[in-house]
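Novice: In case you want the letters, here they are:
Number of protein chains: 2
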Amino acid sequence: MSLDAVLARIDETLPDALDRLFGLLRIPSISTDPAFGGDCARAADWLVADLRDLGFEAAARPTAGHPMVVAHGGEGGPHLLFYGHYDVQPVDPLNLWHRDPFDPVIEDTAKGKVIRARGASDDKGQLMTFIEACRAWKAVHGTLPCRLTMLLEGEEESGSPSLVPFLKGNAGELSADLALICDTGLFDSARPAITTMLRGLAKVELTVRAASRDLHSGMYGGLARNPIHVLTRILGRLHDDEGRVQVPGFYDDVDELPEAIRAQWQSLAFDHQSFLGDVGLSLPAGEAGRTPLEMIWSRPTAEVNGIWGGYTGAGFKTVLPAEAHAKVSFRLVSRQDPDKVLAAFRGWIEAQLPGDCELIWTEPEGSPASVMEIANPAFEAARIALGDEWGRPAAFVGAGGSIPIAGYFKSILGMDAMLVGFGKDDDQIHSPNEKYDLASFHHGIRSWARILDRIA
Amino acid sequence: MSLDAVLARIDETLPDALDRLFGLLRIPSISTDPAFGGDCARAADWLVADLRDLGFEAAARPTAGHPMVVAHGGEGGPHLLFYGHYDVQPVDPLNLWHRDPFDPVIEDTAKGKVIRARGASDDKGQLMTFIEACRAWKAVHGTLPCRLTMLLEGEEESGSPSLVPFLKGNAGELSADLALICDTGLFDSARPAITTMLRGLAKVELTVRAASRDLHSGMYGGLARNPIHVLTRILGRLHDDEGRVQVPGFYDDVDELPEAIRAQWQSLAFDHQSFLGDVGLSLPAGEAGRTPLEMIWSRPTAEVNGIWGGYTGAGFKTVLPAEAHAKVSFRLVSRQDPDKVLAAFRGWIEAQLPGDCELIWTEPEGSPASVMEIANPAFEAARIALGDEWGRPAAFVGAGGSIPIAGYFKSILGMDAMLVGFGKDDDQIHSPNEKYDLASFHHGIRSWARILDRIA
Numbered sequence: 001m002s003l004d005a006v007l008a009r010i011d012e013t014l015p016d017a018l019d020r021l022f023g024l025l026r027i028p029s030i031s032t033d034p035a036f037g038g039d040c041a042r043a044a045d046w047l048v049a050d051l052r053d054l055g056f057e058a059a060a061r062p063t064a065g066h067p068m069v070v071a072h073g074g075e076g077g078p079h080l081l082f083y084g085h086y087d088v089q090p091v092d093p094l095n096l097w098h099r100d101p102f103d104p105v106i107e108d109t110a111k112g113k114v115i116r117a118r119g120a121s122d123d124k125g126q127l128m129t130f131i132e133a134c135r136a137w138k139a140v141h142g143t144l145p146c147r148l149t150m151l152l153e154g155e156e157e158s159g160s161p162s163l164v165p166f167l168k169g170n171a172g173e174l175s176a177d178l179a180l181i182c183d184t185g186l187f188d189s190a191r192p193a194i195t196t197m198l199r200g201l202a203k204v205e206l207t208v209r210a211a212s213r214d215l216h217s218g219m220y221g222g223l224a225r226n227p228i229h230v231l232t233r234i235l236g237r238l239h240d241d242e243g244r245v246q247v248p249g250f251y252d253d254v255d256e257l258p259e260a261i262r263a264q265w266q267s268l269a270f271d272h273q274s275f276l277g278d279v280g281l282s283l284p285a286g287e288a289g290r291t292p293l294e295m296i297w298s299r300p301t302a303e304v305n306g307i308w309g310g311y312t313g314a315g316f317k318t319v320l321p322a323e324a325h326a327k328v329s330f331r332l333v334s335r336q337d338p339d340k341v342l343a344a345f346r347g348w349i350e351a352q353l354p355g356d357c358e359l360i361w362t363e364p365e366g367s368p369a370s371v372m373e374i375a376n377p378a379f380e381a382a383r384i385a386l387g388d389e390w391g392r393p394a395a396f397v398g399a400g401g402s403i404p405i406a407g408y409f410k411s412i413l414g415m416d417a418m419l420v421g422f423g424k425d426d427d428q429i430h431s432p433n434e435k436y437d438l439a440s441f442h443h444g445i446r447s448w449a450r451i452l453d454r455i456a
Numbered sequence: 001m002s003l004d005a006v007l008a009r010i011d012e013t014l015p016d017a018l019d020r021l022f023g024l025l026r027i028p029s030i031s032t033d034p035a036f037g038g039d040c041a042r043a044a045d046w047l048v049a050d051l052r053d054l055g056f057e058a059a060a061r062p063t064a065g066h067p068m069v070v071a072h073g074g075e076g077g078p079h080l081l082f083y084g085h086y087d088v089q090p091v092d093p094l095n096l097w098h099r100d101p102f103d104p105v106i107e108d109t110a111k112g113k114v115i116r117a118r119g120a121s122d123d124k125g126q127l128m129t130f131i132e133a134c135r136a137w138k139a140v141h142g143t144l145p146c147r148l149t150m151l152l153e154g155e156e157e158s159g160s161p162s163l164v165p166f167l168k169g170n171a172g173e174l175s176a177d178l179a180l181i182c183d184t185g186l187f188d189s190a191r192p193a194i195t196t197m198l199r200g201l202a203k204v205e206l207t208v209r210a211a212s213r214d215l216h217s218g219m220y221g222g223l224a225r226n227p228i229h230v231l232t233r234i235l236g237r238l239h240d241d242e243g244r245v246q247v248p249g250f251y252d253d254v255d256e257l258p259e260a261i262r263a264q265w266q267s268l269a270f271d272h273q274s275f276l277g278d279v280g281l282s283l284p285a286g287e288a289g290r291t292p293l294e295m296i297w298s299r300p301t302a303e304v305n306g307i308w309g310g311y312t313g314a315g316f317k318t319v320l321p322a323e324a325h326a327k328v329s330f331r332l333v334s335r336q337d338p339d340k341v342l343a344a345f346r347g348w349i350e351a352q353l354p355g356d357c358e359l360i361w362t363e364p365e366g367s368p369a370s371v372m373e374i375a376n377p378a379f380e381a382a383r384i385a386l387g388d389e390w391g392r393p394a395a396f397v398g399a400g401g402s403i404p405i406a407g408y409f410k411s412i413l414g415m416d417a418m419l420v421g422f423g424k425d426d427d428q429i430h431s432p433n434e435k436y437d438l439a440s441f442h443h444g445i446r447s448w449a450r451i452l453d454r455i456a
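Here the protein sequences line up with chains R and S, keeping their order. For reference, each letter of the first sequence is one residue, going 1 to 456 in the numbering used here. For reference, each letter of the second sequence is one residue, going 1 to 456 in the numbering used here.
Wrong hints could be hidden among the right ones.
You can't tell identical chains apart in this list, so a pair holds if it fits in one copy or across any two.
[Claimed, not checked] Pairs of lysine to aspartate or glutamate residues, derived as EDC-like cross-links and limited to a Cα-Cα distance of at most 20 Å, are as follows:
id, residue 1, residue 2
1, K317, D92
2, K113, D103
3, K317, D33
4, K317, E365
5, K317, E363
6, K317, E205
7, K168, D50
8, K113, D425
These are computed hints drawn from the structure, not numbers from a lab.
Please take these sequences and the hints and turn them into a complete structure.
Specialist: Here's what the structure looks like:
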């Protein structure tokens, strides 16, 4: 009954919610560029003011970088922490935008109405779905649905340098029963999703050094060691013919997918032909015997993200370089430990390194995968709530990318996290002409109202 | 008797010969940089004037690039063509020079007196050894030793773009009984050398293209093809564990070294430990079962001279690039055909290319190896003459680099070439602080006098 009133209120006040979102979207809060530091502070202040309007105790809390917006409100029921981020990606190349990235507008497209602006999807539009749900709830009930803590970051797009220190420094204040994160997507236009697996990441830059200087291949070629050969020989063996990573022990801590999840993923009928076709490919290139969804959601990978050595300019130089370099990253799943994986990788390389060659290991770092506790009853509640809103049951999905925050909530604050979001693959986040479907925004707000109704 | 008089004349007039060389060295004839076009013309004119003084009919002949100095003089005996080049390499990085590269000077060093200047060794000092030998001969005899044609190029350091058209356009005028080329080195300080084998070169830039754009490794990693993996996998198999090139048919046209040459090379007692030690290496890295001298002089190679793909800047970007690139070259020997080798290489790559990948083949080009006709009696004559001058017999050596001119003399003009030079490994040609040993210059002049005496 009262949920219906909240939903009706959301429908009626959608134009006002859009006005508010547009106000936030107009602030160019690009966190990575120091020139926009004032705008990041302004976006934080905008959110603080809006949350105070809603009855939260809110403040823009200083960090070594951009402020962290923290707000507390409501009481009773489970204590929920909501996480989003108010900073956005840079907008270059600006000439590829069809309009000013910070002048939001509703556009009619062949696929329906969209909100066009930098941050419309990532993450201002998404975080406002939650705030607007709270607003409608309060308008109908006079109170917030339960005890709520808001944590809105301003450095997510620039590596979150202040996040861990802030979580550690304010662990007592921020610990709740469950974290809600709105920074992910729908499975497809018609099907909501709860992201329950996020791959981790381990990465390193490595250099193979041979001679003390570049050599002329006429004078030395055939006798002197070429480090490009050493590097390609080793990295060329990173996968076997079946696409399996050859670093010893790499799969030791990789769990097979639970049967229930596997069955559900099968039922999603993921169209990998069109997923690959959109980028000019047609053949799944990963591990033999794995489905495309497994490859991107639940299997670990090893990828060379960059390689360079010798002469790479115009024309030709018959040089034997002194060094060759690569940037290599691993997407991690299950219980894979980034340090252990990198140590095994290093050992595997060193075992293949010929005499006269030196391995230089630069800036290894990583974060483990996050696997959500779907046994937490909030997941089932959210799954039903989302199904009620979208007309089709929510899928428990994986995400190939890494969102370290979910892992930090578990490791630093000891709480589970649930990732629910309404973005779409074609939102062009991080790219020119970012958009957020009006349906994502509208049904997103309604979805949170339903989820809060079931959980709170 | 008369040879002794020529040698005595050379000794007496050495200061004058140095003065003349310094005059030529003062002209910054850097052929690759258009800013020095006038200086290249000036160097050509300098040589024309000097050769006319010697009684040659000489002219700076126009080409599409810098002029070609051609001179004719003398009569009787065999008709010899002498080749050298008056252009020099650029001098950057200039700050690594201890003095002005175009202000030549005699310096005392721990290893003896040296002429310090750009071009002192490569090739002004070398070409002047021949001209000074002719001058002393003429002073003593009143005539040049035999019919001589001089061909002095001004584009050797910038790829010799005008050379082949000039040879073809003037084949009748330039054809002689034998070409003499002075652009190579001694075996070591105490041992003269005649270079009888020059490796050829085949080269190509190649690109492996997969997706139509760069992809995010979180979203696509494990499913989409990474062209860096394709490239490293293929190039990592370019050699087997024994260091043999795996391109099919690569060794088909490679001849084993004649037993006499092998025995002579063995006797040279090449110190590969110090050769490698100078550049921070200690282990021969080439074909198993081959001596270090074979590796650099008489065996073909495959080298990746450059590789690049993906993100290579500071920090990390988890990109799956659309393309990966390499520059690959082959040093060729014996009867290896550059086109055939490149075609086999291309076929070998294509056979390993996974579906969804495209190979882009850019600017393949090459020139075959040159193997001199040591049966030509001039070689034995020169070997004895050099032995008389240096006190140790001359070695018939190979050269790892490519000097295409020797091949052109054979293929375009139908004549054999003999390469005799007096450079040393530590001359720092193409590098800052280039030098030419005063002993190389002095004994070089005397060597040519002895060679001309025996041949003419």
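Novice: State for each hint whether it applies.
Specialist: Each hint tested on the structure:
1. In this assembly of identical chains, K317 and D92 lie within 20 Å of each other by CA distance solely across copies; the values are 16 Å between and 34 Å within a copy.
2. Taking the shortest alpha-carbon separations for K113 and D103, only the intra-copy value of 16 Å comes in at or below 20 Å, while the best inter-copy value is 74 Å.
3. Taking the closest pair of Cα atoms, K317 and D33 come within 20 Å of each other only across two copies (17 Å); inside a single copy the shortest separation is 38 Å, beyond that limit.
4. With identical chains, the CA atoms of K317 and E365 are at most 20 Å apart between copies only, with a shortest distance of 13 Å across copies and 35 Å within one.
5. For the homomeric pair K317 and E363, the shortest alpha-carbon distance between copies (13 Å) is at most 20 Å, but the shortest distance inside one copy (31 Å) is not.
6. When the C-alpha separation of K317 and E205 is checked against a cutoff of 20 Å, the pair qualifies only between copies, where the shortest distance is 11 Å, while the shortest distance within a copy is 25 Å.
7. Proximity of K168 to D50 under the C-alpha cut-off of 20 Å is found in neither arrangement, the shortest distances being 26 Å within a copy and 83 Å between copies.
8. Only within a single protomer do K113 and D425 lie at most 20 Å apart by alpha-carbon distance; the minimum there is 16 Å, versus 72 Å between protomers.
Hint 7 from the earlier list is the only one contradicted by this structure; the remaining hints agree with it.
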